[in-house]
Amino acid sequence: MAVMNIREAITRTLAAEMERDESIIVLGEDVVGGAGTAGGQEAIGGIWGTTPGLFAKFGPDRVIDTPISESAIVGAAAGAALAGKRPVAELMFADFVGVSLDQLWNQMGKFRYMFGGKTRCPAVVRLIYGAGMNAAAQHSQSVYAMMTAMPGLKTVLPTTPADAKGLLTEALRGDDPVMFFEHKALYGVKGEVPDGDHRQRFGEARMVREGGDVTIVTCGRMVSFSEKACDKLNADGIGVDLIDLRTTSPLDEEAILDSVEQTGRLVVVDESPPRCSLASDIASIVAAKAFSSLKAPPQMVTGPHAPIPFARELERAWVPSPGKIENAVRQALAYR
Amino acid sequence: MAVMNIREAITRTLAAEMERDESIIVLGEDVVGGAGTAGGQEAIGGIWGTTPGLFAKFGPDRVIDTPISESAIVGAAAGAALAGKRPVAELMFADFVGVSLDQLWNQMGKFRYMFGGKTRCPAVVRLIYGAGMNAAAQHSQSVYAMMTAMPGLKTVLPTTPADAKGLLTEALRGDDPVMFFEHKALYGVKGEVPDGDHRQRFGEARMVREGGDVTIVTCGRMVSFSEKACDKLNADGIGVDLIDLRTTSPLDEEAILDSVEQTGRLVVVDESPPRCSLASDIASIVAAKAFSSLKAPPQMVTGPHAPIPFARELERAWVPSPGKIENAVRQALAYR
Amino acid sequence: MQMSRDELIGAYRRMATIRQFEMRLHDEIKSGEIAGFTHLYCGQEAAAVGVCDHLDDDDYIVSTHRGHGHCIAKGCDVKGMMKEIYGRRDGLCKGRGGSMHIADLSKGMLGANGIVGAGAPQAVGAALSAKLDRKGKVAIAFSGDGACNQGTTFEAMNMAVVLKVPAIFVFENNHYSEHTGVDYAVGTNRDIASRAEAFGMKAWRANGCDYFDTYSTMRELLDHVRGGGGPAAIELDTERFYGHFEGDPQRYRGPGELDRLWAERDCLKNFRARVGEGGLLDLAELDRVDAEVSQLIDEATSEARAAPPPDPAHVAEDVYVEY
Amino acid sequence: MQMSRDELIGAYRRMATIRQFEMRLHDEIKSGEIAGFTHLYCGQEAAAVGVCDHLDDDDYIVSTHRGHGHCIAKGCDVKGMMKEIYGRRDGLCKGRGGSMHIADLSKGMLGANGIVGAGAPQAVGAALSAKLDRKGKVAIAFSGDGACNQGTTFEAMNMAVVLKVPAIFVFENNHYSEHTGVDYAVGTNRDIASRAEAFGMKAWRANGCDYFDTYSTMRELLDHVRGGGGPAAIELDTERFYGHFEGDPQRYRGPGELDRLWAERDCLKNFRARVGEGGLLDLAELDRVDAEVSQLIDEATSEARAAPPPDPAHVAEDVYVEY
Ligand SMILES: Cc1ncc(C[n+]2csc(CCOP(=O)(O)OP(=O)(O)O)c2C)c(N)n1
Ligand SMILES: Cc1ncc(C[n+]2csc(CCOP(=O)(O)OP(=O)(O)O)c2C)c(N)n1
Ligand SMILES: [Mg+2]
Ligand SMILES: [Mg+2]
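For the record, the sequence lines run as chains A, B, C and D. According to numbering that gives the first Met the number 0, the first sequence holds residues 0 to 335 in order. According to numbering that gives the first Met the number 0, the second sequence holds residues 0 to 335 in order. According to numbering that gives the first Met the number 0, the third sequence holds residues 0 to 322 in order. According to numbering that gives the first Met the number 0, the fourth sequence holds residues 0 to 322 in order.
In short, the hints are calculated from the structure, not lab data. As the structure is a prediction and not an experimental result, all values here were calculated from the model. Any given hint could turn out to be false.
Listed next, the in silico DSSO-like pairs over lysine-lysine satisfying Cα-Cα at most 27 Å (straight line) [as the list claims (entries may be wrong)]:
no., chain 1, residue 1, chain 2, residue 2
1, B, LYS294, A, LYS288
2, D, LYS130, B, LYS117
3, C, LYS106, C, LYS134
4, D, LYS268, B, LYS117
5, A, LYS56, C, LYS163
Here are the computed distance ranges between Cβ atoms for each label pair [what the hints assert, rightly or not]:
no., chain 1, residue 1, chain 2, residue 2, range
6, B, ARG19, A, GLU252, 46 to 56 Å
7, D, MET22, B, GLY48, 17 to 27 Å
8, A, ASP194, B, GLU253, 53 to 63 Å
9, B, LYS189, A, GLU252, 42 to 52 Å
10, C, ARG259, B, GLY187, 48 to 58 Å
11, A, MET206, C, GLY135, 26 to 36 Å
12, A, GLY52, B, GLY48, 54 to 64 Å
13, A, ASN233, D, GLY31, 31 to 41 Å
14, B, GLY187, C, HIS25, 54 to 64 Å
15, D, ASP297, A, SER320, 33 to 43 Å
Ideal Cβ positions, reconstructed from N, Cα and C, are used throughout, including at glycine.
Hey, can you work out the whole structure from these sequences and the hints?
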């Protein structure tokens, strides 16, 4: 097993899969960089550094810079997927679903159903998301709940390099449109990555910790924040079942319910405003399906019902913190 | 009090408010109809018949047909609102948030916050939504959960002519962007409408029935479906507190929690796929805040995790039915 | 433009099939048995057929809300379509899609679309795929004069030029988007072709009520595109003979407008006149075609009427390949 | 083009203020004290100032992610801006917006914007408002050469023409969108103005590194728009002197490109040369302006550094007027 960070895991997985499968193409703004400039192409290899080397290796037909036209980027991915390719489209910031939603939601997400199950649209859309870089209200959002709500789309959020590889490989070998969320503050996270073929099935959550007193369900950057909270709680003898969902659609209900049936106490942590969120989704599923096991009201740790602010102090106050997670766990435990 | 249907209530309220306030302008596709044709303008007065007569009365400066460019329609409304007007923009189908989301979500919904509380954006966006006309996957959706999730926007769903007037008046006199949802299958619903000035405060739910055994929380067309269920249940001596939310953002938590504290049993009915829905939102809030009162798991009656189908038999199977609502209430009651 | 007898008869058959399909729907809809919104293509037959007669199953088209004509021209099964519009279990899309969402990938028909302007970017993607496959295939986006104001259409045109893909933008200018005239909605005095040109592609214009003009202009256009000339556009001046959707009171029409259109702008009539004058065909042959088509549409309709509805238990199937 | 001494000095002062503001940020950012993404306007000063010098507080502008120059040119408070960029409580937007979201409605500045292309439709709305007010006001959308490929920008252009509103599309072509060259991304061989023309409006071109050319061309354009000629566009050929954002390695630049730009395309240098040659001003006066501006920027920076941060307790305030 090699050690690498999430950024590298993504680049290498893309390269390996493109090698294996000619139908995979990559497109987006500056995924190469330098088109039409004196400096020449491959100037950047992706604004997040996730696609360097692909252009040199696979050439201009398969690694494609586009104008700033997100609807056309996603729409072209949808059309190319219908026409037999496996496009990987990059939305440089997940917030840009605002200018491309129709092609995600009403188009690629619905083709198969509307067309009577006769088509496949194996497009992967990479959405770079999340707060933590003081990029303010339009460049920091976690829109996975919006995507999770949409039938026809799958929603995937790796939090480790191994999962980045496993989930991306799975996305590229599956036949459904996948929203592949990459948290901008997690790119540097390092870890071991299995060599060779490594697929991580969707709908199979990762048990990060097993503690038995309280269940924390979360995803994305909030997994590591929850781990920090767990460390504090462990010091006080409190054991947490920490579940990293890996994919929110499909959802591993079983893992969640199994744990809550043991612990009876649920904390959901979600880097998002509270309303109609993933937090509310998980809490409601647990309330509906593990009602008799619940010993305390589900705790939802989310941001406030407000856009994400710019200033460091404000962004920090907006994002759920390890401290708030810890508190929520203690509240869940305190309830009798 | 005059008797009229929701369609008429909307037209008359628009006319009355436009009379009162010069800054109100109406724009959208075919809100007049006939521009640039031999038949002449005001050929239609809105594809849903909600804006006839406005053009004749208020002229081309204030009642404006637009090209098919929803981003520009909503964006122009946002800009006009910043610049001192009160635009009322029509999205002929709510599904077209797909091609205009950014202007709703990242623009008008965020201006005030991003700009430090120094601006107002009093735009009203009318979204015609809902199933029931076999308009299939791209013309039948209820996207109020998506909007409810978005800080900065208010989300309003009248279900009676009186509320159509009261809520629209309130929207037009307030200073925040309002998503005004009109269910296409409810336009013909008749009822008494208060004469003169009638404002319905946002965040104040309507108690449709008081029964005491179970609480149903719902909105939009599902209110009348729930009433049908209530009739059946009443016949068996089961009394339901039926709450029409009127607005989902702001939310009348108090009305919901008060009722559940009495009944201990909650059914949420939501014309939407299940995940990250309004149903999950309400159920999670109740589970979190009225946990000790709950005597049964919250029941969520929603459509399936699937797009909305075309054929009559399929659409009917997709939409929550009175029968399913009735069942859910019985299940909530059966639980011990 | 030389065409064989068979080609001429084939072209006429396809146009007549669309015409009769649509006129039958116009009647059937009155019975109330057909649900949802139906947008009839009647009047524009020469456009769809004049374009698609150059294509085979490996070429792609994306269509619009007014898609029946494109489907038929591209070879979709007429009976399957009729069943779909009736919302039947064995419809082309199992009754899930209906009139606005008919697709048949095996025919290169990537889908009608209820969202105005949504197809154009998809055609760019299909064209990108065609370009990589290097088999000389093209992808065509049908758009209306209304759709040509949607941001997605503009983005698609620019992107097609930038990516140098064999995408073709066919603008069927029937002078109306719903109840609005093109003179109003297209800021450039209804000149859609020159707007396309300004995006950096070559653009053509043709009479979309004249099969021969559409067909021969498309030949030129396709020579350009298949010859590696990059994407292209064509504006077809055409007419919609019925309302925007069935039920439209059409108050936007001028006095006598519809009569004039049926008299002067009927592509089927024009076709007959042309082949008659030129002595290209015996008109009796076309009468025979009409009768055959009529029989087909009769069958399609009665089979659709009699066909079983979808099973409500399957409402949530086919959302994913695997979930 | 006759300009008074005061006008000339004013124009220079505004350009110099932008320049020094941006160069100071370029330095300060290295200290790590400024958070988020910062896009510097340095190099394009003549564009913002040459445009905005024709406007007053009742005219509207909408801006972009690269908005500092537009803000200063439209009269936003420099100290408030600096505090905002530092994320301070008393920043122009209370530290909630930051570099990409500065607005000041009292100055007719409707907002910088992090979403490329989002401003253009908003300018159409502001122009619609201006049209109804009948006071001869205009609304200007600043866009980059990259933004001109976004669907929203196209939709806005068409809608402005259709609604005949006094909207003006100012395309600052600095030849790059992030790391991509305009020759690639704009399918029409970097000709943005003619694409705007094809939407049915009059379009101008000017040297956006030359204050005088920009200013006088804008005068013509504004005469047209204020005279009721409908919307208009202008393409300004300009240069960005720093990276796309601070931290950009700029590998897309050709050898010696930046040196050449600083030598030949510096609008401040050009301005000085022009007023010097023409004997319009004593250059010592401009030196004095530079010194005054330098003092202002010093103060703005040290005050911003020393200013208190926002109170985290207020994180969820100002979302609504009333909720
Ligand atoms: C995004 C979107 N906006 C609006 C509509 C409603 N609508 C359906 S068809 C249509 C008119 C389309 O006009 P055109 O493109 O000229 O096509 P035609 O109907 O003439 O075939 C409109 C406005 C829609 N379906 N999608
Ligand atoms: C909708 C959207 N897509 C992409 C981006 C990322 N982005 C920010 S600035 C930029 C380039 C803009 O280029 P241009 O319009 O020429 O403006 P310039 O940066 O040259 O001032 C891009 C791609 C964005 N902010 N919004
Ligand atoms: Mg049309
Ligand atoms: Mg640029």
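Quiz item: Which of the stated hints cannot be reconciled with the structure, identified by number in ascending sequence?
Solution: 4, 7, 10, 11, 14
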